[in-house]
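With these hints in hand, go ahead and build the complete structure from the sequences.
Spelled out, the chains give:
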Amino acid sequence: MKSARHENIEAKEAEMHPTEFGNLEFDRLESAGGVEESTELVAKTWELAKTRNRFVWPLLVGALAIYFGLLILVLSSPAAMSQSLYGEINIGLAAVAAQLLVTVAAFWAYCTCAAAKFDARAASLRLHAQQATRGVQHV
Amino acid sequence: MRSKLLAGSNMSNFMSGGGVRIAAFAAFILLSLLLTSWASRRSKGAAGFFVAGRNLTPMQNGLAISGDFMSAASFLGVTGLVALFGFDGLVYQVGFIVGWLMIMLIVAEPVRNCGKYTLSDVVALRLPSASVRGATAASSLLIALAYLLAQLVGAGALASLLLPIGTDAAVILIGVLMIAYVLFGGMVGATYVQIVKAVLVWSAAAFLLVLALAHFSFDVGAMFTKAKASSLHPDHYLIPGAYLKNPLDTVSLAFALALGTAGLPHVMTRFYTVPSAVDARHSAKIALVVMTSFAIMVCLLGFAACAIVGPQSILQSNKAGNSAITLLAVSLGGGVGSFGGEMLLACVSAIAFATILAVVSGIMISSASTIAHDIFAMLVFRNDAQDKRQVRVAKIATVTFGVVAICLALAVKSLNVAFLVGLAFVIAASANLPVILMTLYWRRFTDAGAVAAVVVGVLSSIGLVLVGPAVIGAHGLVFKTTTPLISLANPGIISIPCGFLAGWLVSLITSQRTSATSFEEQQLRMLSGYGAEEAVEH
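Top line first, the protein sequences correspond to chains A and B. The numbering of the first sequence is the numbering used here, which starts it at 1 and goes up by one. The numbering of the second sequence is the numbering used here, which starts it at 1 and goes up by one.
Check each hint, because a few of them may be wrong.
Claimed, not checked - Label-pair ranges, simulated between beta-carbon atoms: (1) Gly334(B) - Val61(A): 43 to 53 Å; (2) Asp168(B) - Trp57(A): 43 to 53 Å; (3) Ser293(B) - Arg121(A): 28 to 38 Å; (4) Ala123(A) - Ala474(B): 40 to 50 Å.
To be verified - Covered stretches of chain B, going by a simulated chain A footprint (3 or more residues, C-beta under 8 Å): (5) 81-95; (6) 99-112; (7) 276-289.
If you are wondering where the hints come from, they were derived from the structure by calculation, not from laboratory data. Backbone N, C-alpha and C fix where the C-beta goes; we use that ideal spot for every residue, glycine too.
Laid out in structure tokens, this is it:
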């Protein structure tokens, strides 16, 4: 696990353009000899960004795809939509209900996942960043 | 009761139905003004005025956000659409809900962490140039103006249905009250009005729905059957095509609604009013519960109106169907002239009017912060530090922008400006959304790319609407005998890709020289909240 993470960090560093480190916060860290601190912070940030993006974007694109798919389906064959499922509830009404359900489910999934996985890591990242700058100020 | 009497226009009028409605509306104004003046003591400095000191609870903010969604267009418009056209009303309503998904998943929390008062602040973190701020501020103001005009003109048109006052008087009354709330209460004031209204309008919908369902002994199936039977076209009532005739246009509209909501400046500002990104998510959660339940209730009320009132009576009162809910209220209360009917009508009308008022106040405060913070503090004075001056400029901007909006609304009141809301969403999706998404998630995004996205997004949206059926042709405003150049009334399907493409292409061929914050640092702030604006202490 640890070695995999290390490889990950190295891969990130290789990706990054040297000038992209040239900003205030990281500059301050580097000039104070906190280069390692700085790269670790960047790596940690990227790790969280990647985990988050890998979850959130497919969820969003998936939910929107289902919404538009159902919409196009409903609009392209209006006659087929009148087929009854239960009493007056036909396929069209069920499709609209499904659109609403998918939206709510996607957001519910995001909230659950964010609370379980992202929030703690975000807080620890924030603490890390605060300690890093404080450490530099003390030097 | 005494205060209601005093607030009502006069004693004799009070006995008639119109008087009760005015009294109910006056009671709402009095209540919200009291709340505003009480709450505004909490707001100090620029952060207090623009974003309520970032001190609102997720519950308060969630209700305010859902209040933005529960507009008159939703309360009156959607019930009317469902009552008259059935299925297509549902398609329309769901489009508005889906738009919140993008906000909640990828925009709300990053914006809370990266921004200060406005949308331009989020972008300026990485792209601090004046041209980018100018461009995003201009597009935000344009969206706000289009939305505001549509609401004000709508208020005028609804006036005769709701309160016994004229069109002009209604526009001026709403406009002046909107200015007053923002001037005296700032964001706190605008938010409290929105919260009170959100609770009222949701409760009213729930109450009416219980009454309507009781009418059918709580048999929803029986209500659907009756609605279908009494509709103007029973065979087409529960399938698409009665209202949204051009499927491509409908998809294009859905595209703008699904993507545009995340680019609306007055929605964005709401996420700055809570202490942290996690609170932003919690407020979104509360908002979604309230909005979704309201959307379902409103659709059911539409079917109830069709079943109980009948489409003929609705069309007779208002061709667009906007009076469906008020007619339903009268009918459920015991019919025209009965005490119950008049009381219910009074409450529903006053709440509908309050809805317009709360929504325009929210738009007003976000426009005021764009003018005072983006244009004056950052571009003209180049100094963000002077809180007092920023608030003073914001107050002047509120009065000026408000008066301009009122005058414009009075000038165009006879035109059918329903397309303006669509225009606001299309610009938001084509100009603002590309800039927000590429700033937050794409490393290569540049100043020139941001300006290009805004310019192309705005021009393509407006241009395509101008040559489309909303402006040209038989159903348009001018050249009624010619055919429009494009058949799409909602050009989102063309203009949104244009905005994204422009931002992407121009970013690829240009490079970013100066940057206040690197992409890494922005990601750190966006994800962890490190360096994000803190809530103001009481």
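Going through the hints against the structure:
1. Gly334(B) - Val61(A): 43 to 53 Å: About 51 Å separates the Cβ atoms of Gly334(B) and Val61(A), which means 43 to 53 Å holds.
2. Asp168(B) - Trp57(A): 43 to 53 Å: With a Cβ separation near 49 Å, Asp168(B) and Trp57(A) satisfy 43 to 53 Å, so the hint holds.
3. Ser293(B) - Arg121(A): 28 to 38 Å: holds, 33 Å
4. Ala123(A) - Ala474(B): 40 to 50 Å: The hint (40 to 50 Å, Cβ to Cβ) is violated, given that Ala123(A) and Ala474(B) are roughly 60 Å apart.
5. 81-95: With 4 residues in contact (Cβ-Cβ under 8 Å with chain A), the coverage given for the region 81-95 of chain B holds.
6. 99-112: Contact hint for the region 99-112 of chain B vs chain A: holds, 6 residues under 8 Å.
7. 276-289: Coverage by chain A holds here, the residue count being 6 at a Cβ distance below 8 Å.
Violated hints amount to a single one, hint 4; each of the other numbered hints is respected by the structure.
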